[in-house]
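Peer 1: Each chain, letter by letter, is given below.
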Amino acid sequence: NVNGETYDLDIEPNRLLLHVLREEVGLTGTKEGCSIGVCGACSVIADGRLVSSCLTLAVACHGKEITTIEGLAQDGVLHPLQQAFIEYGGLQCGICTPGQIIAAKSLLDENPRPSEEELKEWMSGNLCRCTGYYKIFESVMAVVTNKVTVAQPAAKPAHEAKIQSLGVYKPVSKTS
Amino acid sequence: MAKAENFSVVGRRVRRVEGYEKVTGESRYIADIVLPRMLIGKVLRSPYPHARILNIDTGKAEKLRGVRCVVTAEDTIKKPWGAFFADQYPLSVGKVRYVGEEVAAVAAIDRETAEEALDLIEIDWEELPGVFDAEEAMRPEAPRIHEDRESNVAMVIDVERGNVEKAFAESDIVVEDTFQSAPQWHCAIETIGSVAEYSPSGKYTIYMNTQTLFNARYRIAAALGVRETDVRIIQSAVGGGFGGKSCDDNNALVAAILARKAGKPVKLINTREEEFLAGSRPRVFMKIYVKMGFKKDGKIRAKQTRVIADNGAYSAKAPAITGVAALRHDTCYKYSDVKTQAYLVYTNKIPTGAFRGFGNPSAEWAVEQAIDEAAHKLGIDPLEIARINAAEPGYVSPHGNRVISCELKQCIDKAGELMDWKNKRADKKPNTGLGLACTVHVSGKRHFGDYDGSSATIKINEDGKALILSGEGEAGQGCFTTMCAIAAEELGVPIEDVEISQADTDLTTFCLGAFASRLTYISGNAVRDAAAKVKQQLFEQAAEMLEANAEDLIARDGKIFVKGAEQKSLAVGDVARARLFRNGGAPIVASGKFDADSVLQDSSRYGNESGAYNYGCQAAQVEVDLDTGQVKILEYVAASDCGTVINPVGAEGQVEGSVAQGIGYALIEGLRFDEGRPVNPNFSDYRIPSMRDMPPLKHAFADSYEPTGPFGAKGLGELGMDPTAAVISNAIFDAVGVRVKTLPITPEKVLRALKEKK
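The listed protein sequences correspond, in order, to chains A and B.
The first sequence: position 20 = 20 (my numbering), numbered continuously.
The second sequence: position 527 = 1527 (my numbering), numbered continuously.
There are no misleading hints in this set.
In the DSS-like style, the derived pairs of lysine-lysine whose C-alpha atoms are separated by at most 30 Å in a straight line are:
hint	chain 1	residue 1	chain 2	residue 2
1	A	Lys120	B	Lys1424
2	A	Lys120	B	Lys1429
3	A	Lys162	B	Lys1465
Computed footprint of chain B on chain A; a stretch qualifies when at least three of its residues, placed anywhere within it, have a C-beta under 8 Å from a C-beta of chain B:
hint	stretch
4	23-34
5	65-79
6	120-127
7	160-173
Please keep in mind that the hints were generated in silico from the structure rather than gathered at the bench.
Using N, Cα and C, we set each Cβ at its ideal position, and we do this for glycine too.
With the hints as extra help, turn the sequences into a complete structure.
Peer 2: Quick look at the structure:
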């Protein structure tokens, strides 16, 4: 079960969860960074636990509920952490971002009010080479301190596309 | 300084234009691209640092079920290629020169089959003696790495401006020392990769995570023996570049060769180990001897350096990087008499190359420590000695770099304030110390085709939204957001009304790409020029509609109106629609251009290398544990002069990320080699900083305006990385009186130095 949807897959026993998610399920938001469980880019949540999908055998996840980055936004509304990473610039290249957000989510699910030290310690399993972590830290703390309000998808100003050919033909055309 | 303009987008805390895609996992990186019938490629790499290839037998591998093709040098034109020196082949011809070099490659239906096939390729080797140290490689009796060259010395710079001997004689004190910098890997969390396809019509299409599309295109075309336009490069989302993805490696070439032979698309993604062995070209490591003469008052009188730079087996960008290490620092302070001798030397190791900072971090590592040494000897506050010598607007370096805007003094002062330098210095605690260092960087560098420009096209759509077409690409640093902000400011529309297209050599303008901190300044100027021109087209239409003169119109917040008559305004979309459907169907499109007012350096490396120079000063307070040698950074500050800050969130991120890489460079990062063989090519042994390693950081931007930049802006991306290692080393010296002169400054080295001091 991935992000609330059940998949019936025949998987060879040696295949990694990471590769099954990316190649069989088609969810490429989970990234491969180091392949040895150090960088955290492949982080997913399995039955409430944060795991490195590059070290997890897919068959071991039979019947488990897996949450990937694609499962966070609901009906087009971003998860507060996703919103925060955009607002506070918690990303640059974005390759580690899914893992960072998933790791932060798993922490906040367990402990919605972590101390700064707890947060730093927890997030140290997720490497980022772009940001120096300051803005990632700020982004997560913004959620912890309730500074983030998630926008509804319709918050974007409504624009009306104009069909240029409307009005070209009149309902009635005749000579008078 | 002239900050006349009142901006509506520039300087605002805008969001990343690709933010939504990046936080939802929708951004498509190279590994996420899947094409129909796509095969997986794998590379057979040299296990030896130096060996002759006597025979390659691919027969068994080709027969393995699921293998679609195996390629070797026989499938190439055997023509060497490279950015500045053509010395490397896509697949080894006759011999290998480093561990990890590409010898053969396989395309198969899946990863496992491709890996299995690699084991079936049989090679007869003749091992050759290798040379792994640059100084040893300079000896006449050293094994020759490239037989067609007279020696292992790839390049020499020997430059004197003024009279150094006389200047040293006139100096009150002279300091001299030798510093060794370390190789540092980019460690972008995404490795290099490509997906290549070949059409029998003769065209290659390559999806790449490169940060320099057009440079990649002409290099790849040359190595494949085809015209530039026979190669189409499409940039995927790039998961971090830092110079490592500027196409100095063979990944895309091997993918292209496989795709042609297989007749199917081939995906080739480096594993993390391959990335260390033969992917991104690590920072050139250098041994730098520096000698400097000072007057009693702290003024620099003379500087002499001798640089020995390790090129690795092939040259990549090291010829330019070595020049930067030898010469650029002379734009940071006011120098009159300088001499440098720099040698770039082949060794049997991974080719070194471009990493954020280019040659600056190595040069600053040495020179800024020498200056600090002099300050201590002269009893002058290191902050004061920097101030005394700091470059100023109008300064021309001995090598011809012409400085227009320069707020280095302001940076020094701001760094001092943020650190509370004076008070902390007066109230020094045991085993804690303060250090600082300054730096200069370019905003673009003229060396590709005697050109340091950019071009961009902007198209206005019928709803009024602008689309920027630029071939610069987005390497992950956020330059798309900066370009959109610049276009929005000039067009007078909200940033949400500007989009930028994916870079694609077939569709977007010719651009050099992301290097030399050039995009905000160079590409920003081209984008602004295009926006101004396309706005003129809108104004001509609006003038007709408003029965006014185009010269009297202004655009703001998506509306066009006569100056002072805002109540009677037209939406840009309405103007665009009117324009598109009239005027004989003229598209609303304009192209802008810019080429920096710089010159290609002459044969003595004289000449203004860049259109604008960025400056910075950083300071640290550290605490050294005398028992463990552990260095703790208590506080870090960075002050940067990048002209106008276009995109503050992005700018802060550049500084923060640079400092993090600088701290890694200073304290923890390094790959150990055993006879040319990297012993720790993975993330558990090659550590990069994590969140808990980062010290409290404060930063500031100078009040600065570069008249030749877009809205006063200049470059920033590399500045924050340049001085960091020297800053930390200077602080350690202030804390405990020892200097570790080889990077990284590990606790073991600190302990050893403390023991030697006793």
